[in-house]
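As a plain string of letters, each chain reads:
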Amino acid sequence: MASTSVIRITIFTIILLPGLLSAPVVKAQQDTTNLLALLENEAAASGEGATRYTTATFKTTRLVNGHSVENAGKGVLDVKISHRFGTINKGGYELFGLDNATMRMGFDYGITSSIMAGIGRSTYQKAYDAFLKIKLLRQSTGKKRMPVTVSYVPTIALKTLRFQNPEQQNYYSSRLFFTHQLIIGRKFSNALSLQIMPTLVHVNLVPRSTDPNDLLSIGIGGRQKLTKRLSLNAEYYYQLPGYKLAGTSNVLSLGFDIETGGHVFQLHFTNSQGMNEKTFITETNGKWEKGDILFGFNISRVFTLGKR
Amino acid sequence: MTPVNKTMVYCNRYTNNLKYLCTAILLLLLLSANRPYAPNAVFSIKSGSISFRSDAPLELIRAQSTELRGKIDTDKKLFAFVIKMGSFNGFNSPMQKEHFNENYLESSKYPDASFSGKIIEDIDFLKSGTYTVRAKGILNVHGVGQERIIKCGLVVKNGQLNINAAFTVLLADHNITIPKVVHEKLASEIKVEVKAEMVTQ
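Just so you know, the sequences run in chain order A and B. For the first sequence, the numbering used here gives the first residue as 1, with consecutive numbering after it. For the second sequence, the numbering used here gives the first residue as 309, with consecutive numbering after it.
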């Protein structure tokens, strides 16, 4: 009997003591001389329960030619007018390429915060293109931690330029190009963001019989903010040997993003004339070292169509 | 038999001692635990919202957040309010929200705005009624603190405290610069409204 009551009291004490001890400790924290610090402590304690998603990894949905990991917001129409002039090694007669311009007009729309769709038309090769951009993962901190944002971007391009060889049997499918891109991006700091873009381009009709139809490349790109509203961007696609069209070079682009209210101006230098995925990744023939550098710009203007 | 009895006696004595000890500890703890409750009347925000509007010639921008947190110590007349800048919603486009956080408020560098200080007037927070008080303290926005006196309406009713206040914030006071191109779209003076229901815990 007695020994059981000892046990009972001991258990009682063991269970209750920590609870009783902690009670005055909690109350003692209510030192109100610094309410602000008190609020901050509370926030730190509860803040661990929330997930904070990283925003503004890039200023706009394009790095230079290619996609960034960024999406247009839900209900936002992003109208993009892009120009590429001729190569600057043409000299003064062509005003360093400015006499020669190709352009692409594009309309991108954010269907949800993680899915966007877009269409575009380029004067180069009289090509139409359409794409989807689907966010698979979002970089976040807090409760759910994710080091990177990952997007999947399938693109289809339709080249409507008359067939070069009208005598041969030409199929409509020969005009089609398919691109699958995975974009893995991370905002390392407020100023620096980097991304890599493994890419597969499928070409139905290749120029030479020895050319492969499935072309593989790995892109790398990033931005470094110079001021709050100005950033330096770079983008490079490395084509894997054996999985590229003969005689093409890798595309390298350098540019600036300049943000002014609802506009983003992108001014850049690149060795590609085309502005849809299959053209700049697999059909670039300019070489930087030979001065085949084209000046170009993208203007992006956003319109909010959906509510908020 | 005897050894068993001996242990029984020992046990009984031990239990009695333990009982006294436990009661003593219990009383002590309960008393000391209760002590800080009584004199500290600290009100905390149960639900609070803060909204602002920028009324510029070409654009009206509005945003609000319901994540206002705050405390008032009615004995010491101290107060503190905090809001996460990233919690504001509204705006005219998602891009505007992004610019608000990235370019103007720099929310990753200065995540909070706060107002903390002391209430000038003496009022009885236990007595129901409507009061107007002046809150004097430091308004910290974008990492820049400014001493402000802000008039607040207080309604005390059934142990609950309702607060509302309206004031303006000059962007220049807090080192927030407006680029020339958006001068017509962004007011230099932002109107802020605060509402909160506070209760003691």
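Worth flagging that the hints you see were computed from the coordinates, not collected in a lab. Glycine included, each C-beta is placed from N, C-alpha and C at the ideal position. Be aware that a few hints might be false.
[Said to hold, decoys possible] Partial pick of chain A residues on the chain B-facing surface, computed with a CB cut under 7 Å:
#: 1; residue: Leu35
#: 2; residue: Leu39
#: 3; residue: Ala56
#: 4; residue: Arg175
[To be verified] Take a look, some chain B residues computed to stay more than 12 Å from chain A by CB distance:
#: 5; residue: Arg377
#: 6; residue: Asp381
#: 7; residue: Ile428
#: 8; residue: Asp432
#: 9; residue: Lys488
#: 10; residue: Val490
#: 11; residue: Lys493
The hints, checked one at a time:
A distance limit of 7 Å between C-beta atoms decides the matter here; for Leu35/A the minimum to chain B is near 4 Å, and the interface restraint holds. Below 7 Å, beta-carbon pairs count as interface contacts, and Leu39/A has one with chain B at about 5 Å; its hint therefore holds. Evaluation of the Ala56/A hint against chain B yields a held restraint, the C-beta minimum of about 5 Å falling below 7 Å. Annotation: Arg175/A was flagged as interfacial toward chain B, and the flag is violated, the nearest CB pair being 35 Å apart, outside 7 Å.
Listed as outside the interface, Arg377/B is inconsistent with that label: its C-beta sits roughly 6 Å from the nearest C-beta of chain A, within the 12 Å cut-off. Against chain A, the non-interface label of Asp381/B is violated: not every CB pair exceeds 12 Å, the least being about 4 Å. Look at Ile428/B: its CB is around 16 Å from the nearest CB on chain A, clear of 12 Å, so calling it non-interface holds up. Annotated as non-interface, Asp432/B keeps its C-beta farther than 12 Å from every C-beta of chain A; the closest such distance is 18 Å.
The Cβ of Lys488/B does not lie farther than 12 Å from every Cβ of chain A; its closest approach is about 9 Å, which violates its non-interface assignment. With 12 Å as the threshold on Cβ separation, the claim that Val490/B sits away from chain A is violated: the shortest Cβ distance comes to roughly 5 Å. Non-interface call for Lys493/B relative to chain A: violated, since the shortest CB-CB distance, roughly 7 Å, does not exceed 12 Å.
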